[in-house]
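Guided by the hints, dock chain R onto chain C, whose structure is given.
If you read the sequences in order, they're chains C and R. If you count the first sequence from 1, position 81 lands on 158 in my numbering, and the numbers rise without skipping. If you count the second sequence from 1, position 11 lands on 518 in my numbering, and the numbers rise without skipping.
Certain hints may be false.
To be verified - Below 25 Å or equal to it, Euclidean Cα-Cα: the simulated DSS-like pairs (lysine-lysine) are:
#1 C:Lys104 / R:Lys602
#2 R:Lys598 / C:Lys104
#3 R:Lys598 / C:Lys83
Stated by the list, open to error - On the chain R side, residues computed to face chain C include the following (Cβ under 8 Å):
#4 Leu510
#5 Lys511
#6 Ala578
#7 Asn582
#8 Gly629
#9 Gln631
Hints were generated in silico from the structure; no laboratory data involved. We put the CB at the ideal spot given by N, CA and C, even for glycine.
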Amino acid sequence: MIAIVKYNAGNIGSVTNALNRLGIENKVTDDPEELKAADKVIFPGVGEAGTAMNYLRERGLDQVIKELKQPVLGICLGMQLMCSHSEEGDTECLGIFDTTVKKFPATAGMKVPHMGWNEIGRVKTAISPDKDVIFKNICTLDDINKSSFDDIRLENDVYYVHSFYAVPNQDASAICDYIVPFASILNKDNFYAMQFHPEKSARVGEQLLKNFIAITA
Amino acid sequence: MSLKKRIIPCLDIKDGRTVKGINFVGLRDAGDPVELAKQYAAQGADELCFLDITATIEKRDTLVPLVREIAAVLNIPFTVGGGINDVALAKEIIKAGADKIAINSAAVKRPELISELAAELGSQCVVVAVDTKHSHESGNLADSKNKPDESTPTDFRLRGNKVYVAGGRVETELETISWCQEIERLGAGEILLTSMDHDGTKNGFALELTDTISRKLNIPIIASGGGGTSAHFEELFKDTEASAGLAASIFHFGELPVPELKKQLAATGVAVRIPVNAGI
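Bound conformation, chain C alone:
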């Protein structure tokens, strides 16, 4: 059973729809016991960081999410809330990833929000298919065999909609460039996060979701 964290953020239904299309059993819930007992947890979200964090704190869900032991996937706002701090509403976040969330600087000719299809981006470290299961069937064998830093670029386009971004730190599995380099995928222990929307990213997104579902804890 995949639990989807229910809170005051949009697009939860999109994640449910995507999992249903893949035939994966799922349940939207804010019950701490159900979240703890789930095989995997997806923490979605479109919305504003401050209001979302207040909502989670009032219900004690902030602690619950931080302490989850099974694989957890944050999407978009969910990813940003898993970082330590967000410039959006000067919000203290969950601190799972030791990095901060900033607003894209206004730049001539560059539209903000970063909205539309862009690539997953540069992969920070060499991919090992055993370890980095999230990239299974996303990169080619050729990619896997490259071993140096920044050599691998996942050109697969995925759908982004965001005005704020997580600054790449050691947890960044992939880095996309738009105005500035930003983390498109973060991973630390059992916590995964994607800035783009796999649930809206056509077949590439479906593969990424399948890869997350296939992670064995």
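Just chain R now, kept in the frame of chain C:
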């Protein structure tokens, strides 16, 4: 490596069915928006736009369930528009699974609706559709000589473009460029700019107007009206800052299938999403 230019097929919906004749090979029911949506997603469309042209005032009964059905099958983003005139209905449509809603006449009638929707749903969900047409009585160059003005002759000429409402039937006092700036100021996330002078001609997009607006604004512009060949899309993306191109019949009738258009755009150096299925 960059943000890709989006290709958006637009489907007109009436009473839950697509209206324009649609000619897809192997489609079981060409009038079924859900079937079509799946087909376009599989072809590599980047986004879809559904415009409900049903005449009834009460859209909740037909449109909302349809949006729910589309959302269940579609793995790319989609926009729903047509007669949305209040926050409550917009919220229902987003809740049913649409990624964005588009408003048009309602925004002209009550511009603050844009801000209300942006506050309630987030700017990224709010598309304002602008139907524009050049009104030849004003804004010609001869006039500009009599009116000392800081603007360039191009700006002045383009100022003859007026906003139309009610499906393009009614001209308003609004000047297109300043209305677009107002739309951005009020918090919309995107503008769908349809040139009625070009719509249906298949002679190319309104490049000068699209270019001017897309440079003045920081929100994305979806250009619509006139796209007939891949060369038209190429000039749209090379000569203007438009983020997306929208069209209907050329896609529906198979005149310019989405995969073919994207292949040709990619060959001319336009950044488009070519779905990679390697390994998947």
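* Restraint outcome when leucine 510 (chain R) is required to lie within 8 Å of chain C by C-beta distance -> holds, 5 Å
* Interface hint compliance - alanine 578 (chain R) to chain C, C-beta minimum distance less than 8 Å -> holds, 6 Å
* Report holds or violated for the interface hint on glutamine 631 (chain R), using the least CB-CB distance to chain C and a cut-off of 8 Å. => holds, 5 Å
* Quickly compare the C-alpha distance for lysine 598 (chain R) and lysine 83 (chain C) to 25 Å and report which way the hint goes. => Between lysine 598 (chain R) and lysine 83 (chain C) the Cα gap is close to 18 Å, so the pair holds against 25 Å.
* Sort out whether lysine 602 (chain R) lies within 25 Å of lysine 104 (chain C), counting only the CA atoms. => The given pair, whose Cα atoms are some 17 Å apart, holds under the 25 Å limit.
* Asked: Can we keep the asparagine 582 (chain R) interface hint, with Cβ of chain C closer than 8 Å?
  -> holds, 5 Å
* CA of lysine 598 (chain R) to CA of lysine 104 (chain C), is that 25 Å or under? -> holds, 22 Å
* Have a go at the glycine 629 (chain R) hint: is there a Cβ in chain C nearer than 8 Å to its own Cβ? => holds, 6 Å
* With a cut-off of 8 Å on the beta carbons, see whether lysine 511 (chain R) makes it to chain C. => holds, 4 Å
Checked against the numbered hints given earlier, this structure breaks none of them.
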